[in-house]
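There are 4 protein chains.
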Amino acid sequence: MSCSLLGASYSRLMTAVAKQNLGTLLVSCPDRRGIVAALAQVLYGHGANILDSDQHTDADARLFFQRIRFDTSELLTDRTSLEHAITEVAERFTMNWQLAYGTRTKRVAVFVSRYDHCLYDLLLRHQAGELDCEIPLVASNHPDLGRVAAQFGIRFEVFPISKDDKAEQEEKELGLLEAEGIDLVVLARYMQILSARFISRYPTRIINIHHSFLPAFVGGRPYHQAYARGVKLVGATAHFATATLDEGPIIEQDVVRCSHRDSVADLERKGRDLEKVVLARAVRWYLDDRILAYGNKTVVFD
Amino acid sequence: MSCSLLGASYSRLMTAVAKQNLGTLLVSCPDRRGIVAALAQVLYGHGANILDSDQHTDADARLFFQRIRFDTSELLTDRTSLEHAITEVAERFTMNWQLAYGTRTKRVAVFVSRYDHCLYDLLLRHQAGELDCEIPLVASNHPDLGRVAAQFGIRFEVFPISKDDKAEQEEKELGLLEAEGIDLVVLARYMQILSARFISRYPTRIINIHHSFLPAFVGGRPYHQAYARGVKLVGATAHFATATLDEGPIIEQDVVRCSHRDSVADLERKGRDLEKVVLARAVRWYLDDRILAYGNKTVVFD
Amino acid sequence: MSCSLLGASYSRLMTAVAKQNLGTLLVSCPDRRGIVAALAQVLYGHGANILDSDQHTDADARLFFQRIRFDTSELLTDRTSLEHAITEVAERFTMNWQLAYGTRTKRVAVFVSRYDHCLYDLLLRHQAGELDCEIPLVASNHPDLGRVAAQFGIRFEVFPISKDDKAEQEEKELGLLEAEGIDLVVLARYMQILSARFISRYPTRIINIHHSFLPAFVGGRPYHQAYARGVKLVGATAHFATATLDEGPIIEQDVVRCSHRDSVADLERKGRDLEKVVLARAVRWYLDDRILAYGNKTVVFD
Amino acid sequence: MSCSLLGASYSRLMTAVAKQNLGTLLVSCPDRRGIVAALAQVLYGHGANILDSDQHTDADARLFFQRIRFDTSELLTDRTSLEHAITEVAERFTMNWQLAYGTRTKRVAVFVSRYDHCLYDLLLRHQAGELDCEIPLVASNHPDLGRVAAQFGIRFEVFPISKDDKAEQEEKELGLLEAEGIDLVVLARYMQILSARFISRYPTRIINIHHSFLPAFVGGRPYHQAYARGVKLVGATAHFATATLDEGPIIEQDVVRCSHRDSVADLERKGRDLEKVVLARAVRWYLDDRILAYGNKTVVFD
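Chains as they are written, first to last, in this note's numbering: chain A, 1 to 302; chain B, 303 to 604; chain C, 605 to 906; chain D, 907 to 1208.
Worth flagging that the hints you see were computed from the coordinates, not collected in a lab.
What you are looking at is a predicted structure, and each value in this text was computed from that prediction instead of being measured.
You may find that some hints are simply not true.
[Claimed, not checked] With a Cα cut of at most 20 Å, we get these calculated DMTMM-like pairs of lysine to aspartate or glutamate:
id	chain 1	residue 1	chain 2	residue 2
1	A	Lys297	B	Glu570
2	D	Lys925	B	Asp568
3	A	Lys270	C	Asp892
4	D	Lys1069	D	Asp1089
5	C	Lys623	C	Asp736
6	C	Lys874	A	Asp132
7	B	Lys599	A	Asp266
8	A	Lys270	C	Asp736
9	C	Lys623	C	Asp664
10	A	Lys19	A	Asp132
11	A	Lys270	B	Asp568
12	A	Lys297	A	Asp132
13	B	Lys408	B	Glu482
14	B	Lys474	B	Glu459
15	D	Lys1176	B	Asp434
16	C	Lys623	C	Asp893
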């Protein structure tokens, strides 16, 4: 078992372990003795070298969570055998698990409406190499941001949703997501509410940015609500979308100071900066397989 | 008109203008032309030298707010004449105003229950010269913190409030506050809800510390609520107490980062540090006559 | 004298006072009695309505600073007369002063090398209406970022400076700045050191972003320095460029948390976000006439 | 191997694993394959159940670091055997290691001069149960803070160091530290420089709080230096004391915003709050065996 890159950040990992040899296992299960040993045994037995491992136990929920990164370059068997063996352990411990390989780059669709700041931010970070993914698709209910997608050479599709054709339009969107092999949908200030049916097709695979410190200021126009309440900080929250609006598992939050001098327009300006960084962090962590959601909570491994 | 100390912080002001010569005028009124000129004229005419002036207009509420600090050492008339003149202007502009002199040190009562961290913090800051006030009284519904008050040589009174005698006990408290000439009541993790009647006797003169980022987690056990919701930041809010619980004008807020690793006990520990600094800032600003409340908002002059 | 917009932020001001009627006076002088009165008198006498006023005194340096915003829509005379009158007062008090009118939009040149994040950030903020200026010019010592300038339809000029032709190239740059009527030069990760001669032509009109919390990690490769020192926070500093590298008056600074897990590449990634917001704040404040520099310090009015 | 408390915070751990059964192993060594496996094997073989494990590799320094917490309640052998086995592994991998048991509570001496805020803060946190240690001793070069130690019933010793008797006084101090079985010396604004000889006796066991964001403002009067430089943030740094002043491995840092309005006294006031929390965090992490120092850096496990 190699320890040569334990705890290393992605950027450093990449210099040492070829990306295509990297495996990341995410596990959650009822808390019991022997889980760590069993998983370590399986990986060791197949020649997978553990690079990094982090765990968490929610003592109240009696749940155990683990993230293990390993190097597959000296695998004694093959991935299929390894996965069979993991499945066996998983059944014994009633585990949920997912395994991501560096050989497969995740594919992200960005949903937008008219605000362009989060879209620009994601595309520029992607261009700068900060986000390890492909972004083959920008979808919108308005044509406005087509020009931005075009600047980056990305396919742009408009789904002009009205009350009457929402189900139909969503069906088309889902079809497109499937056709494009999308792993993650990012709602980058997308001003439409997705149906429960849509969301159920991408469980904990849709990240939304809400422009308040949730659970304060749920619903519409949170900066106006914040202004009316006279708060001294405004916030932003990235969370997984669930059927219940603004109540999905929170991934990341941050705040910025404001004062009586700030108009709603000032709060919006300050908030835009927050929305960008909070959403980008959440997306980056997702791409890095750092997030495990359970109930309305998340574990985000460092 | 002297400008020699404009915008200076209290500590620096004190080195130059003797505290007893300092006057601070706080004004709020419907927004109209000529307010600034009229006040400047009155002060100038009486020989009061403006040291520092700050204004704010709430364009939505159409309200004007101003704070003026001035030096009375070369007053041409006397304080009574000056106040008469201000009254005259105030009537013309339908102003609310209050005038504080450096000759009168504000008197603060601290209400506590069983948590001692905010009490210790306030008393140590007072001892260190950070809070320009007298603290003649600590009141509680429990005897526990008498030992802390005793360490600092401060009168400690217990009012063991039960459902049946609340009105009666509050009457005694009000009597004591009056007898002690209390200007400001600080609820330093006081676990009793004050009656509307009590609060109406000290309008915008009771500061409470709530252990969440309001309006998130109103009511009891906010750290438990925060833990249950899975937020990534916990906060604290200092606000004026009003008849509606946790809805008074917010004076100051701050947050600290937390993660899935933090238990409720961890949130409480992190929160204690926040509660202390947020409450202390609010109290200091109050003592410095920096806060103007209107509706459920505050103006806090720098 | 109108108070209807005192202390209002730019965005709110704009809704009420037409931008072309706005005047902003910035003043600094030795601290003396009567300055505020004298200036107020002049403005009042000419029918300029004070909207907002803020002052500061550096008691150690014995210097006085003031920023006054006023509405010229009901000017009794004209701008020339007003300026003559201000000049008279200024001579009496040995004042430095500058007066900006809303009728004239400031013109900004951005200097870059190969990093594009600050350039994109400024251009997107400008496009979003956050920066009240024109950006007619991007200059660089490399051709790389021409594509970015082109996306935004902005003139891009390359000055490929070598050791031998630096003076000559700078002369050309200065010529271009003059031809374009540039008010402010923003060094957005420009990797060339400007000569003292160049800087002297734009005193306190060149803003640089340094990628550390100055005065820590002066000079080259500050993220590498920070990594080597093992700090737990990395920072960014926006400052006016002066002849002495990294020692100009600091306008704004901010930091972000890091840990032993962060590689130099991680620090660079985290730092980019800081550099963008810190530089953008400094530029916005400059455009808003909020900054006064003296010695190696700044006053930044709220 | 039990996973039932993996990653749990101290407070939560304590509810489930009796403190006296807790073992914490800290390891550092040249980075090589097989370290994790070897240690896991030894612990597993002796019946020590791993509760929590975290690792880090400094790829540049080619060093590996690990912290393992385990439950000894079902140990198959005894602690002596376990330690022998660890020693064997350690020799094989040229490891530095230290093993702490919950049965032994660490003993802390606090060194102070005249500032009382950090001392009060540590003693109040200790009293509140935030710091899992004993504090049998407060030492000072001045008699002033004896009253504070007395309030908390703690032994107070004065060593009035002068130029001539420094070596002699330090010898007495070292004798006292040894007599009291001190594990950690906390310099809580202790205004004497310890000799290299003194420090060499407590390597990475002396934590100092410096009142600036190091490496900015090394040496004396950092708030005055910060004021003179006109920075927009002031900071505090907790670090291990080494023979070279202010250059020891940094454990924790934080900053607070300031402005041109802040006098040196204001910076000192704001800084005191920082010093307290930064020092307290560093001490808590030390007591929790979270810190590993190497060169002039630290690894601080979450």
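Okay, which hints does this one fail, numbers in order?
Violated hints: 4, 9, 11 and 12; rest satisfied.
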